[in-house]
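The opening position of the sequence shown corresponds to residue 20 in this note's numbering, with each subsequent residue numbered one higher.
These are calculated hints, taken from the structure and not from any lab test.
Do not rely on the hints blindly, as some may be mistaken.
Computed Cβ-Cβ distance ranges for the label pairs, DEER-style [unchecked claim]:
(1) Ile101 / Glu35: 15 to 21 Å
(2) Leu81 / Glu30: 18 to 24 Å
(3) Thr36 / Lys82: 38 to 44 Å
(4) Lys27 / Val84: 46 to 52 Å
(5) Glu67 / Leu28: 32 to 38 Å
(6) Lys27 / Ile71: 34 to 40 Å
(7) Ile71 / Glu35: 19 to 25 Å
(8) Met88 / Leu53: 36 to 42 Å
Okay, derived cross-link-like pairs now, DSBU-like style, lysine-lysine, Cα gap no bigger than 30 Å in a straight line [to be verified]:
(9) Lys60 / Lys82
(10) Lys65 / Lys103
(11) Lys103 / Lys86
(12) Lys103 / Lys63
(13) Lys27 / Lys66
(14) Lys87 / Lys63
(15) Lys82 / Lys103
(16) Lys27 / Lys65
(17) Lys82 / Lys66
(18) Lys65 / Lys86
(19) Lys82 / Lys63
(20) Lys87 / Lys65
(21) Lys57 / Lys82
(22) Lys65 / Lys82
(23) Lys103 / Lys66
(24) Lys86 / Lys66
(25) Lys25 / Lys63
Note that the structure is a prediction, hence the values are computed from the model and not measured.
All C-beta atoms in this analysis are idealised placements derived from N, C-alpha and C, irrespective of residue type, glycine included.
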Amino acid sequence: MTHKFKPKLLESGSDETIAQFWGAHDLADYWDDLEVVKDVKFVKPKKELVSIRLEPIYCRQLKAVAKKMSLGYSSLARLLIIEKLQQGSHPRHASR
20 MTHKFKPKLL ESGSDETIAQ FWGAHDLADY WDDLEVVKDV KFVKPKKELV
70 SIRLEPIYCR QLKAVAKKMS LGYSSLARLL IIEKLQQGSH PRHASR
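All chains, full assembly: derive it from the sequences and hints.
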């Protein structure tokens, strides 16, 4: 009977590290190492309220696009802001 080597099961790490681990390993090899977890609680991260002022034309455009996407316009605004920030497209500060 041959035993194949299996690396130690990751208990923590960055999302990227964990994704790489499970991309290279089969959960079936670790089935006996897992334990049943009871009373799991999923906590939503807290969010802050941000108020912005838009010219009426931009507000109308935002609402029209959101409607086509079956989203609330504030949800679309949040998605657009997050997307832009994740792209690393930070506007430069204007000199005054």
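Lys27 paired with Lys65 [C-alpha distance capped at 30 Å]: violated (33 Å)
Look at the Cβ atoms of Met88 and Leu53 and judge whether their distance stays inside 36 to 42 Å. Hint holds: Cβ distance 39 Å, inside 36 to 42 Å.
Need the status of pair Lys65, Lys103: alpha-carbon distance at most 30 Å? With a Cα-Cα distance of about 21 Å, the restraint between Lys65 and Lys103 holds, given a limit of 30 Å.
C-beta pair Lys27, Val84: status relative to the range 46 to 52 Å that was hinted: holds (48 Å)
Taken at face value, is the distance from the CA of Lys82 to the CA of Lys65 at most 30 Å? holds (25 Å)
Holds or violated: are the alpha carbons of Lys103 and Lys86 at most 30 Å from each other? Given that 30 Å is the threshold and the Cα spacing comes to 21 Å, the pair holds.
Could you check the hint for me, namely that Lys27 and Ile71 are 34 to 40 Å apart, CB to CB? For Lys27 and Ile71 the Cβ distance comes to about 48 Å; the hint is violated.
Whether the CB-CB distance between Ile101 and Glu35 falls inside 15 to 21 Å: holds (19 Å)
Does Lys87 pair with Lys63 here, judged by a C-alpha cut-off of 30 Å? holds (28 Å)
Next pair to validate is Lys82 with Lys63; report whether the Cα-Cα distance is within 30 Å. The hint holds at about 26 Å.
Assessment of proposed distance window 38 to 44 Å (beta carbons of Thr36, Lys82): This hint holds: roughly 41 Å between Cβ atoms.
Distance restraint between Lys87 and Lys65, which requires alpha-carbon spacing of 30 Å or less: holds (28 Å)
In summary, the numbered hints that this structure violates are 2, 6, 7, 9, 13, 16, 21 and 25.
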